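**Q** These are the residues of each chain, in order.
Number of protein chains: 2
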Amino acid sequence: MLIRAFIPAHITAFFVPKFNENPLLTGSLGAGINLTKGTNVFVSIEGGLERHIHIAFNGEPVKREEAVISYSVAEEVIPQEFKGEVEIWQYFDFPNGYGFGNSAGGALGTALALGYYFKNKTFLQAAQIAHKHEVLNKGGLGDVIAQIHGGIEIRIKAGAPGIGVVDNIFSEEYKVLAIPLGRLSTKEVLDSDIIKAIEKEGQKALEKLLKNPTPENLMHLARDFAENTGLLQGELLEIAMEIDKLIKLPSSMIMLGKSLFALLRKEELPKVQEKLRDLSIDNYHICGIYNERPKVGRWIG
Amino acid sequence: MLIRAFIPAHITAFFVPKFNENPLLTGSLGAGINLTKGTNVFVSIEGGLERHIHIAFNGEPVKREEAVISYSVAEEVIPQEFKGEVEIWQYFDFPNGYGFGNSAGGALGTALALGYYFKNKTFLQAAQIAHKHEVLNKGGLGDVIAQIHGGIEIRIKAGAPGIGVVDNIFSEEYKVLAIPLGRLSTKEVLDSDIIKAIEKEGQKALEKLLKNPTPENLMHLARDFAENTGLLQGELLEIAMEIDKLIKLPSSMIMLGKSLFALLRKEELPKVQEKLRDLSIDNYHICGIYNERPKVGRWIG
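Residue numbers (the numbering used here), protein chains in the order written: chain A, 15 to 315; chain B, 15 to 315.
Just chain A, with the same shape it has in the complex (with noise of 0.2 Å):
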């Protein structure tokens, strides 16, 4: 049996970390938005003799210690008991570590994929699992529940999903522009002095944005934000100012990732395409908001 799951590309524009010993309780403050691109996990499962789960990102088979948390999430949302083949098969539509949500992503196709199946977890049992292990090997804080979420997401209270608590902004038709500049450690960037800033500004936006919930005042928020904390700077920055020019919103830096986005209307699009083609920019991407749900079921190819 075929299971298909898609889960959205989620791209954060700020952010404030909450830590805790109990990773259910971890996450983040925040807001960002979903994508119509994103992951799509299939996984396919058959009895047998023994017990074994192999795992591929983007068609090419991945060891162990490569995708530790879709692994640790498939050992436990896999009952005990099961003994056969299951390959989970992972494929991105953005680059990993450029800030998309990628391992969310996977780890969260994974886990509602094999509740799909398995029939063992509902669906915040298996998120929750999907959300532990990515903050216990740092692939993200506030990602999956984020994606459960879609659309434009504030994230008001910190956690797993279940636990904590995301809203949504009401916004018309816009398309979004990504750009995949470069990689960022998340990691690195937490444990620098930056934290500090990006505590500071984070907190700072969400209560601005709560004010006035509006996709635009988001941008306006998102790039005050990326500019205070010294995170948008450089090469990147002056991308970013060239693109403000032919766009009524401010652009911004995704966090984290050396990558910028932006909200524009259908008509501002040929003149953006036309400036990145100017820059030699060919790696980006223009997508709608992902309004729904991750999507699970069988596969019928």
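Simulated from the structure, these hints should not be mistaken for laboratory data.
Since the model is a prediction, treat every value here as computed from it, not as a measurement.
Any given hint could turn out to be false.
Heads up, the list lumps identical chains together, so a pair's fine if it works in one copy or across two of them.
[As the list claims (entries may be wrong)] 35 Å max Cα-Cα, derived DSBU-like pairs, lysine-lysine:
{"no.": "1", "residue 1": "Lys-171", "residue 2": "Lys-218"}
{"no.": "2", "residue 1": "Lys-152", "residue 2": "Lys-171"}
{"no.": "3", "residue 1": "Lys-214", "residue 2": "Lys-262"}
{"no.": "4", "residue 1": "Lys-218", "residue 2": "Lys-97"}
{"no.": "5", "residue 1": "Lys-222", "residue 2": "Lys-97"}
{"no.": "6", "residue 1": "Lys-133", "residue 2": "Lys-214"}
{"no.": "7", "residue 1": "Lys-51", "residue 2": "Lys-201"}
{"no.": "8", "residue 1": "Lys-262", "residue 2": "Lys-285"}
{"no.": "9", "residue 1": "Lys-201", "residue 2": "Lys-272"}
{"no.": "10", "residue 1": "Lys-133", "residue 2": "Lys-32"}
{"no.": "11", "residue 1": "Lys-214", "residue 2": "Lys-272"}
Add chain B to chain A, keeping to what the hints say.
**A** Just chain B now, with coordinates in the frame of chain A:
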């Protein structure tokens, strides 16, 4: 400008009411199903010199006292300083008072459509206003929070959206048969002696469902609840037993209406339809399970 919101009909399988002085802490535990049919709310807004709010049910204008919940929601979401004409057109796929969550659908659809237009509330703030007026006017306790989650849902913590917690069961493709047969006053049932049996049986069903969270188990528990509380009896029980002869899972009663529901496989449908013809029951619905979030957006008719 014309805004449209779609809110799924929500049928309750079993429940435990939870009352509190604070309407945001009032709600219910239990389980139910969101349907692909439900309530469509169209909101038309034009500027003007005076503030007027008009509400219509299925194309017929209704007086304030016949639509207290939706009027109260509109008054609270529309900014105090707004002057102009607001028309709220609510269309219901199911009859009112039969247990399909119409009042919550109208209230939530109104709140979301107005929140979308005025951009002065977040999604949860708008949904909380709908929940509050549902509770204050005894429209329902758990419909609003169930409707924002979709799917087959389990209410594991009572309260308004953002406070209560709703989980979901993974479910393969089932069709839902819904037969509205008569009205039942929620208020009369909640004020009667049956309430003690509802609390005891509801709590028991919830615990059993969480141990084995499948749609199949849900239907067995729903039927036990309906019979053990004495709510499912007489003619309604006789019809349920006729349907049971033809399908794998037990049918049950919709809480609270004189209505029945069942989960069917596609291949079970023709026999059931033939039986309903024999029983002279013409007024029934075949729907899907609605696994998405409520929809709200600009309507281009």
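**Q** A separate judgement is required for each hint: does it hold in the structure or not?
**A** A quick look at each hint next to the structure:
1. Lys-171 - Lys-218: both (15 Å within a copy, 31 Å between copies)
2. Lys-152 - Lys-171: both (19 Å within a copy, 29 Å between copies)
3. Lys-214 - Lys-262: within (27 Å within a copy, 58 Å between copies)
4. Lys-218 - Lys-97: between (51 Å within a copy, 33 Å between copies)
5. Lys-222 - Lys-97: between (52 Å within a copy, 27 Å between copies)
6. Lys-133 - Lys-214: Between copies only: 26 Å across, 43 Å inside.
7. Lys-51 - Lys-201: within (25 Å within a copy, 47 Å between copies)
8. Lys-262 - Lys-285: The answer is within: 12 Å in one copy meets 35 Å, while 59 Å across copies does not.
9. Lys-201 - Lys-272: within (14 Å within a copy, 58 Å between copies)
10. Lys-133 - Lys-32: both (32 Å within a copy, 29 Å between copies)
11. Lys-214 - Lys-272: Close inside one copy (21 Å), not across copies (56 Å); limit 35 Å.
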